[in-house]
Amino acid sequence: MFEKLLLTALLPAGIAAGVILILLRSRLLPESLAPEHGLGAGALGIGAAYTACHLLALDEGWPGFPPADVTHWALFGAWLATALGLAEVAVYTRFEERPAIVQPARWIPRIALSAGLVFLILSGLAALEETWGSPSLPMLVTGLCAASVLLFLQLDGLASQRSQLYGTLMLSAALGGTAGVVMLAGSAKLSQLTGSLAASMGALFGLVFWSSALTPLRGAVPVIGFVLVAVLVCACSFTDLPPAAAFLLILTPGAARLGRAGPLARAPLWVSVLIGLLGIVGLLGGAAALTHAAAPEPYSPH
Amino acid sequence: MRNTTIAVCFLGLLLGTTRQAQAQAETYKVDPVHTMVLFRIKHLGVSYTHGRLNDISGRFTIDTANPAASKVELEIKAASIDTNDAKRDQHLKGPDFFNVKQFPRITFKSTSMTRTDDAKDLWEVKGDLSLHGVTKEITVKVERVGAGKDPWGGYRSGAEMVFTIKRSDYKMNYMEGAIGDEVRLTVAVEGIRQ
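Order-wise, the sequence lines are chains A and B.
When the count follows the working numbering, it moves up by one through the first sequence with no breaks and lands on 302 for the last residue.
When the count follows the working numbering, it moves up by one through the second sequence with no breaks and lands on 194 for the last residue.
Worth flagging that the hints you see were computed from the coordinates, not collected in a lab.
Quick reminder that beta carbons are idealized off the backbone N, C-alpha and C, glycines included.
Worth double-checking, as some hints may not be accurate.
[Stated by the list, open to error] Beyond 10 Å from chain B on every Cβ pair, some chain A residues (computed):
(1) S26
(2) L58
(3) A87
(4) L140
(5) L190
(6) P242
(7) G286
[Claimed, not checked] Derived SDA-like pairs: lysine to any residue, alpha-carbon spacing no greater than 25 Å straight-line:
(8) B:K77 x A:P67
(9) B:K71 x B:K101
(10) B:K101 x A:P138
(11) B:K101 x A:F65
(12) B:K109 x B:G58
(13) A:K4 x B:V183
Please work from the sequences and hints to get the whole structure.
Dropping the structure here:
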């Protein structure tokens, strides 16, 4: 079991770093994917790392398509998100000075993929079968899409920092803490998948520390965002994670940005890290408390 | 007169046979209070963890004159799993194992029943076990324990079966190694004749 946990941490970190380094050295990526900054490599590295963890560290192998267990939609969502990340990088590189093109090209696919992923995961809920025709399902999907937009806004904010040392470190902490809360809610599997993202962020931190010119986090935002959306929707639907706790977890990347907000943008990095971590830990603590309080009573037929 | 007598006797024989056949095909409704579904699975290769599923319902029909016409249908609520530890039960009900919110029911429907030993009232039951979204045919040896009147005016019959399945056959592979693949189930059923 310990070896499994180690695999969850080392495998995605190793693959993320390896893929990105290979792509940087080999110059396989075209100019449109900004190879010198690792933008496209970031999307591919995180996508490959997550895929390896999902297929190798969970003991379940290939889930089949369509997957019988809807939690496996996170894998297919990650693949689409990797493609989306590459497309975003290509559009951004080509039309950097024209936000009227960049913004819709970014947000329309993100919202569409969010809606699709949420719908596919919710379709597995046996209790929802009776509500297919009612307005409650579209309202639920819309609400969850809005939450995913909020998550993406915060991830974009972290990824757009000039130095990605801070962003990757904070995201690693936020994702690691999220993995812990999801474990508390009752799923070690979903926790492993979130933990693999945290480990991948650790690898990105190492790469950015080695070369400050690299900005791989920008390309990786769609993969991180969609995997996190899938995990949190699964956790809320199939474990005992309360929606309020999931909302706090969505806010953790935003809390991290506090460390670089206003005058803190010019503060020493360690000060920003301390403040950012305080914000993250506060939100994680709240989510953990809500999750613990929501744990069900032991089953009794009487 | 003689033809009428023969006809009446024949009709009486026919009716008697039919009633006897109907009487021998008895349908029972599962009594959940006196029915147990117990399981055990290996933990870390060093011990067995036991548990039970508390919420079971169903019906079974026993036809001693024509055993092939007998049938069994059982349904268990997966969320009723109980291993005497709330956190473990929470984990088992989640997406790592039973995923009860997607797969709330475990069902068994017989496809054939054969009486293999009249003296010991042993049966072989083949049927479809549906668990975690996967349906597989299994064969189970069933011991019919007994049948008789109860103190409340009803008539009861019971049976017990012990069989083993592999959780990996039902795509429940998580934590291989730490938790065994083979699950031994003991199902003790009591039904009230309808």
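Q. Keeping to a limit of 25 Å between CA atoms, is the pair of A:K4 and B:V183 held or broken?
A. 22 Å, holds
Q. Does A:P67 lie within 25 Å of B:K77 when you go C-alpha to C-alpha?
A. Satisfied, since the Cα-Cα distance of roughly 23 Å is no more than 25 Å.
Q) Per the stated criterion, does the least C-beta distance between A:L190 and chain B lie above 10 Å, as a non-interface residue requires? A) 6 Å, violated
**Q.** Pair hint B:K101 and A:F65, alpha-carbon separation not exceeding 25 Å
**A.** 20 Å, holds
Q: Please settle this one: A:L140 was flagged as non-interface, so is its CB more than 10 Å from every CB on chain B?
A: Non-interface label stands for A:L140: nearest chain B Cβ at 14 Å, farther than 10 Å.
**Q.** Distal placement of A:P242 relative to chain B, Cβ over 10 Å
**A.** Given that every Cβ of chain B is farther than 10 Å from that of A:P242, nearest at about 14 Å, it holds.
Q: Hey, is A:G286 genuinely clear of chain B, shortest beta carbon separation above 10 Å?
A: With a cut-off of 10 Å, A:G286 remains clear of chain B, as the shortest Cβ separation is near 20 Å.
**Q.** A:S26 non-interfacial with respect to chain B [C-beta, more than 10 Å]
**A.** Check passes; 36 Å lies beyond 10 Å.
(Q) Run the distance test for B:K101 versus A:P138: straight-line Cα separation, threshold 25 Å. (A) 20 Å, holds
(Q) A cut-off of 10 Å on Cβ-Cβ distance, and A:L58 was said to be off the interface with chain B. Does that hold? (A) Answer for A:L58: violated, closest chain B Cβ roughly 7 Å.
(Q) Using Cβ atoms and 10 Å as the threshold, tell me whether A:A87 really stays out of contact range of chain B. (A) 30 Å, holds
Q. Under the criterion that the straight-line Cα-Cα distance not exceed 25 Å, is the pair B:K71, B:K101 satisfied?
A. 29 Å, violated
Violation of the numbered hints given earlier is confined to hints 2, 5 and 9; the remaining hints are satisfied by the structure.
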